[in-house]
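All chains, full assembly: derive it from the sequences and hints.
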Amino acid sequence: MSEDFDLILDECVDRISRGDSLADCLSDYPAYSERLKPLLRSMDDVQKVYSSAPSADARRANRQKLYAALSERRQMTPVLSFLRTVSRPAMLAIVAVAILAIVGTLVVRLGLNQPTLLPSPNGNFVFLISDKPGDINDFENFDITITQVRLQPAGSKEWLTLTPETQTVDLTQVQGEQFQEMWRGHVPAGQYSRLRVYVSESKGNLKSTGETIDVRMPGNVAYLPVPFEVANNRVTIYTFDITVVGVGDDGTYVLKLQVGDSGGY
Amino acid sequence: MSKRDRETIRRIDEHENRLVSLYEEYYDKLVRYVYVHIGNREEAEDIAGEVFLKALKALRSGQEQGMPTQWWLFRIAHNLIVDYIRKTSKHGPIPSDSVVLLAEDDPADTAEKKIGVEGVIEAMKQLTAEQRQVVSLRFFWGLTSKEVAGVLGKSDGAVREMQRAALEKLRGIMGCLE
Numbered sequence: 001m002s003e004d005f006d007l008i009l010d011e012c013v014d015r016i017s018r019g020d021s022l023a024d025c026l027s028d029y030p031a032y033s034e035r036l037k038p039l040l041r042s043m044d045d046v047q048k049v050y051s052s053a054p055s056a057d058a059r060r061a062n063r064q065k066l067y068a069a070l071s072e073r074r075q076m077t078p079v080l081s082f083l084r085t086v087s088r089p090a091m092l093a094i095v096a097v098a099i100l101a102i103v104g105t106l107v108v109r110l111g112l113n114q115p116t117l118l119p120s121p122n123g124n125f126v127f128l129i130s131d132k133p134g135d136i137n138d139f140e141n142f143d144i145t146i147t148q149v150r151l152q153p154a155g156s157k158e159w160l161t162l163t164p165e166t167q168t169v170d171l172t173q174v175q176g177e178q179f180q181e182m183w184r185g186h187v188p189a190g191q192y193s194r195l196r197v198y199v200s201e202s203k204g205n206l207k208s209t210g211e212t213i214d215v216r217m218p219g220n221v222a223y224l225p226v227p228f229e230v231a232n233n234r235v236t237i238y239t240f241d242i243t244v245v246g247v248g249d250d251g252t253y254v255l256k257l258q259v260g261d262s263g264g265y
Numbered sequence: 266m267s268k269r270d271r272e273t274i275r276r277i278d279e280h281e282n283r284l285v286s287l288y289e290e291y292y293d294k295l296v297r298y299v300y301v302h303i304g305n306r307e308e309a310e311d312i313a314g315e316v317f318l319k320a321l322k323a324l325r326s327g328q329e330q331g332m333p334t335q336w337w338l339f340r341i342a343h344n345l346i347v348d349y350i351r352k353t354s355k356h357g358p359i360p361s362d363s364v365v366l367l368a369e370d371d372p373a374d375t376a377e378k379k380i381g382v383e384g385v386i387e388a389m390k391q392l393t394a395e396q397r398q399v400v401s402l403r404f405f406w407g408l409t410s411k412e413v414a415g416v417l418g419k420s421d422g423a424v425r426e427m428q429r430a431a432l433e434k435l436r437g438i439m440g441c442l443e
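Those protein sequence lines, which keep their order, are chains A and B.
Anchor point for the first sequence: position 30 equals 30 in this note's numbering, and the numbering is continuous, going up by one each time.
If you want this note's numbering, it's the 1-based position in the second sequence plus 265.
Don't take every hint at face value.
Here are the computed lysine-lysine pairs in the DSSO-like style, where the Cα-Cα straight-line distance is at most 30 Å [stated by the list, open to error]:
#1 B/Lys390 / A/Lys37
#2 A/Lys65 / B/Lys319
#3 A/Lys37 / B/Lys352
#4 B/Lys352 / A/Lys65
#5 B/Lys319 / B/Lys434
#6 A/Lys256 / A/Lys207
#7 A/Lys157 / A/Lys203
#8 A/Lys48 / B/Lys434
#9 A/Lys65 / B/Lys322
#10 A/Lys65 / B/Lys294
#11 B/Lys322 / A/Lys48
With the C-beta cut set under 10 Å, the calculated list includes, among others, these residues of chain B facing chain A [stated by the list, open to error]:
#12 Glu289
#13 Ile350
#14 Val382
#15 Ile386
#16 Glu395
#17 Val400
#18 Val424
#19 Arg425
In case anyone wonders, no lab produced these hints; they're calculated from the structure.
In this text, a Cβ means the ideal position worked out from N, Cα and C, and glycines have one as well.
Quick look at the structure:
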């Protein structure tokens, strides 16, 4: 009897949590309604008291603390993993050098200040890649790897850096109206004067020969001097449009930036 | 840097990116969960923020491996609550301004409801620690009784029994305060 009641109470708790009304639950179990009613009302009282939304200021402050801790850790990662690979006798010397390097880096950062932007599913900025059809159809597949994107606020010497969540994209899959989202997150609102895209690798398999060829971008950086705006109350979508073009008769290909088709809207 | 190191760093980066999403998903739940246990909303907000900083440290040491995300966050929160209660040892009076009424409440009966709010918090303090766990995990974390049983290492039946006992106790105490 008591077990039955516990099961029914449990089911009513679940139903009310999903949005059912107290009256509906009680009418489904008339034999137990007198006993159920005060208990479910207690549940309702407790939920009302504790369900008020946490303060927006505290939420924001805690988010900032998390972001700051993440940025700090990411700056330290390469140093820590390098130290793990080094033999014990050399450790002391390397630690000393590393400490000097870190101090030096911090000093430089105080001057240059290049904050890392962190991804978020609810961010106000989306970075996409797309491929204007050129000679991409000569390739079975063509992978481009983007390691970093930097944005420069208008009138500032600082750059904000983001690391794409998806770093390698097959350009044959993003032709024309197709695209691939590479990063989504929060970017400080304001005007931006330009953007840089750092490409570490770009190579494809030719349909004609099956050969894999490297198609380098000069300096491995794409410069996009196209101003754009980021706001807090809407999502800015920035499309990085690039294409592969054959030059000459010797089977040479180059990556060509489509500045006119790139930009933030 | 070895291949293994690169792979470890890639895995940590993925988890860290995910932690940012988890913040948006679980922060409010964590605040409520902690609030139920300690009865002070501002402290609960501080502890909820601390949960994510601890989670970040745990990612680096691999402590999270093999543990479902929400259990992992819950476990960190639980440990911080235990620490907090140990430090404060005896709950002081709950400041009335730490209790915020729901936005839809009518200001006309605010005073009456404030007594009700304090009554509920007082009643919650009379529950056993396990009963508070069941109430917070069922009503605020949104777990089923079976899931709560998994977290607490009890049977489903024992959790349902604790839930009923907790609600009866709350009803009894709140009934006396009304």
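Now for the hints, and whether the structure bears them out:
1. In summary, the hint linking B/Lys390 to A/Lys37 is supported, as the alpha carbons are separated by about 22 Å, within the 30 Å threshold.
2. Annotation: proposed proximity of A/Lys65 to B/Lys319 holds, straight-line Cα distance about 12 Å (limit 30 Å).
3. Distance restraint check for A/Lys37 and B/Lys352: the Cα-Cα separation of roughly 39 Å exceeds the 30 Å cut-off, and the hinted pair is therefore not satisfied.
4. At roughly 23 Å between alpha-carbon atoms, B/Lys352 and A/Lys65 fall within 30 Å of each other, so this suggested pair holds.
5. As the CA atoms of B/Lys319 and B/Lys434 are separated by approximately 34 Å, the hinted pair breaks the 30 Å bound.
6. For the hint pairing A/Lys256 with A/Lys207, the CA-to-CA distance comes to about 20 Å; that is within 30 Å, so the pair holds.
7. Pair hint A/Lys157 plus A/Lys203 does not hold up; C-alpha atoms about 33 Å apart against a cutoff of 30 Å.
8. As the CA atoms of A/Lys48 and B/Lys434 are separated by approximately 18 Å, the hinted pair is consistent with the 30 Å bound.
9. Among the hinted pairs, A/Lys65 with B/Lys322 is consistent with the structure: their alpha-carbon atoms are about 13 Å apart, no more than 30 Å.
10. For the given pair, A/Lys65 sits about 18 Å from B/Lys294 by alpha-carbon distance, which is consistent with the 30 Å threshold.
11. As the CA atoms of B/Lys322 and A/Lys48 are separated by approximately 34 Å, the hinted pair breaks the 30 Å bound.
12. The closest approach between the C-beta of B/Glu289 and any C-beta of chain A is roughly 6 Å, which is under the 10 Å cut-off, so the hint is satisfied.
13. Hint on B/Ile350 is violated. Least Cβ distance to chain A is approximately 17 Å, over the 10 Å limit.
14. Annotation: B/Val382 was flagged as interfacial toward chain A, and the flag holds, the nearest CB pair being 5 Å apart, inside 10 Å.
15. For the restraint placing B/Ile386 at the interface with chain A, the shortest Cβ-Cβ distance is roughly 7 Å, inside the 10 Å limit, so the hint holds.
16. Against a cut-off of 10 Å between C-beta atoms, the interface hint on B/Glu395 is violated, since the closest Cβ of chain A lies about 16 Å away.
17. Of the supplied interface hints, the one on B/Val400 holds, with its beta-carbon coming within about 7 Å of a beta-carbon of chain A, less than 10 Å.
18. For B/Val424, the interface hint holds, the least distance from its beta-carbon to any beta-carbon of chain A being 8 Å, beneath 10 Å.
19. For B/Arg425, the shortest C-beta to C-beta distance to chain A is roughly 4 Å, which falls under 10 Å, so the interface hint holds.
Hint compliance for this structure: hints 3, 5, 7, 11, 13, 16 are broken, all remaining hints hold.
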